[in-house]
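**Q** From just these sequences and the hints, can you work out the full model?
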Amino acid sequence: MQGVYRVCNLAIIFAVLIPGIGADASLTADKSWKIAQSSPSINEEQLLEVVVPSSTIVRLKQGGSYTGMLTAFNSQNLAIAANGFSETVPLSQIQELEFQGDVWIPTPEGNRKRVPIRGITIPLEEIPVNAFNLGNPPQTAVLNLETVLSQEEFERLSGQTEKIHVVKKILFESAETMTIRLVGARP
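In my numbering, the protein residues as written are 426 to 612.
Incorrect hints may have been included.
What the hints assert, rightly or not - Cut-off 27 Å, straight-line C-alpha distance, at most; resulting in silico cross-link-like pairs (DSS-like, lysine-lysine):
(1) 588 <-> 538
(2) 594 <-> 538
(3) 538 <-> 593
(4) 594 <-> 486
(5) 486 <-> 593
Worth flagging that the hints you see were computed from the coordinates, not collected in a lab.
**A** Below you can see the structure in the form of structure tokens.
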């Protein structure tokens, strides 16, 4: 008991005799925190912008299909529109989405340029369904590949600045995951 009393007394003496030690420690901690915040993190979000062609074939698990433009997508269902009509389909009923046709991208001059979908297909497997965020307008999307690719793989894919990544196909593996096949088209 006396040993504990002496340690407590010593702690109080140091706290009284060395004023500002707590402040210096918190400044050091703050500096370390700021450095840690500014340093690149392994768990940094890995967002890849992709182009979504306007023509989509939705193939259902029980047979049959819908063709039109993908207008909405979330973790539960999607919407497809054609000829003034729209249909909402639960993802649990969908086998795959196949995208067709050309894509149009804006040019620096303010025009649009047609880009055919050709090239080597890049499969991205086991992507969480909620990692695909359809843009507005729906001809764009953002993929969060944080849990799918290593930082090195992501940098290799996203560093291809001479290519645009076009969604060619989405295969639904389960209610939670999917495989997305991208084509690296050249504008």
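**Q** With reference to the structure, classify each hint as holding or not holding.
**A** A quick look at each hint next to the structure:
1. Our distance criterion of 27 Å between C-alpha atoms is met by residue 588 and residue 538, whose separation comes to about 14 Å.
2. As the CA atoms of residue 594 and residue 538 are separated by approximately 22 Å, the hinted pair is consistent with the 27 Å bound.
3. Using a Cα cut-off of 27 Å, the hinted pair residue 538 and residue 593 holds, with the two alpha carbons roughly 19 Å apart.
4. Between the alpha carbons of residue 594 and residue 486 the distance comes to roughly 15 Å, so the proposed pair stays at or under 27 Å and holds.
5. For the proposed pair residue 486 and residue 593, the alpha carbon gap of about 19 Å is at most 27 Å, so the pair holds.
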